[in-house]
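Chain residues, written in single-letter form:
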Amino acid sequence: MATSAPEPLSAGIEAPGRLRQPKQVIGGAVAALVAGWLIVKAVGNFGGFLNATLLGLTLAGLYFVVASGFTLIFGLMRTINMAHGSLYLLGGYIAFELQEKLFSDNKGGFELSIGQSSGETQYSTIEWLVPLLIAALAMGVLGVLIYQLLLRWNQGQELRQALITIAVIIIAGDQMLAHFGGVAKDIKLPASWPTSVDIPLIGSFGFFRLTIVLGSAILVGLLLWWMIKRTRFGLITRAGVDDRDMVSALGINIPLVFAAAFFIGSLLAGFGGVLGGSMLSLQPGQDSAFLLNSLVVVIIGGMGSLGGAAVGAVALGLVQAYGASYLVFGGTDLTNYSILLTFGLVVAVLAVRPYGLFGRPA
Amino acid sequence: MPPDAILEVKNLNAYYGPAHVLQDVSFEIGSEPTAIIGRNGMGKSTLCLSIMGMLQKVDGSVRFHGEELLGKPPYKVAAAGLAFVPQGRRLFQSLTVEEHLRLVSNGNGNGRWNTERIYELFPRLAERRRSGAMQLSGGEQQMLAIARSLLLDPKLLIMDEPSEGLAPAVIDHLIDAIRGLSAEGTAILLVEQNLSVATELADRHLVMVAGRIAAETTADELENDPDAQRRYLGVEPLAEEA
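Line by line, the protein sequences give chains A and B.
Taking my numbering, the leading residue of the first sequence gets 1, the next gets one more, and so forth.
Taking my numbering, the leading residue of the second sequence gets 363, the next gets one more, and so forth.
Pulled out of the complex, with its shape left as it was, chain A reads as follows (with noise of 0.2 Å):
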């Protein structure tokens, strides 16, 4: 099972100089393994190839916004907001049942995602706004709630914060299945959207993904850097990131300055939930899982830093397109077992950095 670090970024650019502990080596080899094989796969099918990547990066453009408000919290706090994936979910299904219930043709109607009606509302480009804007939101409040009602007070145990908030994942997960059910939901796009756009050599695309999510992808990271470079509350984020004890003493409002974190991180799980909702499809599991994605992304990326997280982001989005395109050997399908590539790539950026691709010790 070979994999490397993020693959365009890495391979080959390694100075001979830097390659001298063993694991660096094997790292090095790893990755020329696995940059070799793809090349071998994009010459004998490019569009294919081009299609895969560019699937890899629009969902890395999904992992991105809801890591980068996870590593936004984790960074300044110190805290691994382990509900960071229920508000993904929840603000999604928020978001879906406005949708349903503001704006639907035929009110309380549809339970089967399948089955494309005849008699399915067309939803209009606000119709479809109105619900993210909200969804988001609430979400960046309940975050502010679960920080002031349930971590505030545990400042600085990380066990007890990780703890409380995998209790919310419990109840939040049982809680969204009782009221949402098992069935898959989809938040319907606006139906005056192309639902595909045509690329030379790759051929048709879907327009979403390829528009809105990697468009606010690069939006949400734009806005996150500028935010970080040039404001106030930039500068107190990464003065806290270096000594958070010593920002406090410095007369900043430590407090606020978190619960501000929180807002705009947990806004970003229900903003990527609604685009989640959208592109893909919400159904229980997917908290854990997009947990699990943000985890790896700010772990290969380092903690903290908005650039890993690009990176981080990419990586995995990438791994796990190509995990999904090429892992047919023969006629042996080891597609359901791509899954593996991602802690693959994980502990192959470990070995070669602890801390991450950007990160350093705390």
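Keep in mind the hints are simulated off the structure, nothing from the lab.
Even glycine gets a Cβ: it sits at the ideal position worked out from N, Cα and C.
The reader is advised that the hints may include incorrect statements.
To be verified - Where chain B lies over chain A, by a calculated footprint (3+ residues, C-beta under 8 Å):
1) 229-241
2) 248-255
Unchecked claim - One-sided and incomplete, this derived list gives chain B residues near chain A with beta-carbon spacing under 7 Å:
3) Y377
4) M414
5) L417
6) V420
7) Y437
8) A440
9) F446
10) Q449
11) G450
12) R452
13) S456
14) L457
15) E461
Let chain A serve as the given structure and place chain B on it in line with the hints.
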């Protein structure tokens, strides 16, 4: 005891796990500069952290102008008028010089200290305003650590080993700067192992031994008592150094 006590520490205890680091520390300081001296590991830095609210396991009382500080988080201690220059400086490695100052200054410009005045006091920082904190020399880092604390317009400045790791010429510059602050009316609590720095800056000296204030003395007494220097600091006396 100073007649105009501004900081009163009473029966202060601090613990690291099972270790009882500060044991019933009691003292008062007034507006004149006060030094706390003592060997390594006697609890001097722990005392600073306890006063600033940066330690969890503490009990006793720390009053500043009558207001109880113990149990308050650091940002409220800072709001009461205390500022802290910690041991090792604890600058933010992700921030530049300029960003350190922007972090603290709220931009209201009403206080005694603003960025321009900081750059007047430490022109070297103005030259290096775009440098990352970790690219600065030891002396520049210390200036920055003092600068960012001054932007809080503190009534009391607590400095933990400001001369640590600095060259003698840099120390002289630092002493001048701190004297200037003191002359302007900022009260100073100085923790030092470098006896010549401590005696230059403060007349009143409290000696810390094994988590307690063991003695109170003055700069004159210390300078003229090589035996006390050996006892309290474990250093060779000043006279023999020269």
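Hints versus structure:
1. Evaluation of the coverage hint for the stretch 229-241 of chain A: fulfilled, as 6 residues show C-beta separations to chain B shorter than 8 Å, against a requirement of three.
2. Beta-carbon proximity to chain B at under 8 Å applies to 8 residues in the stretch 248-255 of chain A; the threshold of 3 is reached and the given coverage holds.
3. Interface restraint check: B/Y377 against chain A, minimum CB-CB distance 15 Å, threshold 7 Å, status violated.
4. Hint status for B/M414: holds, given a least beta-carbon distance of 5 Å to chain A, under 7 Å.
5. Violation of the interface hint for B/L417 is found here, the shortest Cβ-Cβ separation to chain A being roughly 9 Å, above the 7 Å cut-off.
6. A cut of 7 Å between beta carbons decides the hint on B/V420: the least distance to chain A is about 14 Å, and the hint is violated.
7. Residue-level restraint check for B/Y437 holds (minimum Cβ-Cβ distance to chain A is 5 Å; threshold 7 Å).
8. Below 7 Å, beta-carbon pairs count as interface contacts, and B/A440 has one with chain A at about 4 Å; its hint therefore holds.
9. The closest approach between the C-beta of B/F446 and any C-beta of chain A is roughly 5 Å, which is under the 7 Å cut-off, so the hint is satisfied.
10. Given the 7 Å rule on beta carbons, the hint for B/Q449 is violated: about 12 Å separates it from the nearest Cβ of chain A.
11. A cut of 7 Å between beta carbons decides the hint on B/G450: the least distance to chain A is about 10 Å, and the hint is violated.
12. Given the 7 Å rule on beta carbons, the hint for B/R452 holds: about 5 Å separates it from the nearest Cβ of chain A.
13. For B/S456, the suggested interface contact is upheld, since its CB lies about 4 Å from the closest CB of chain A, less than 7 Å.
14. Residue-level restraint check for B/L457 holds (minimum Cβ-Cβ distance to chain A is 6 Å; threshold 7 Å).
15. Of the supplied interface hints, the one on B/E461 holds, with its beta-carbon coming within about 6 Å of a beta-carbon of chain A, less than 7 Å.
In the structure shown, a violation is registered for the earlier hints numbered 3, 5, 6, 10 and 11, in ascending order.
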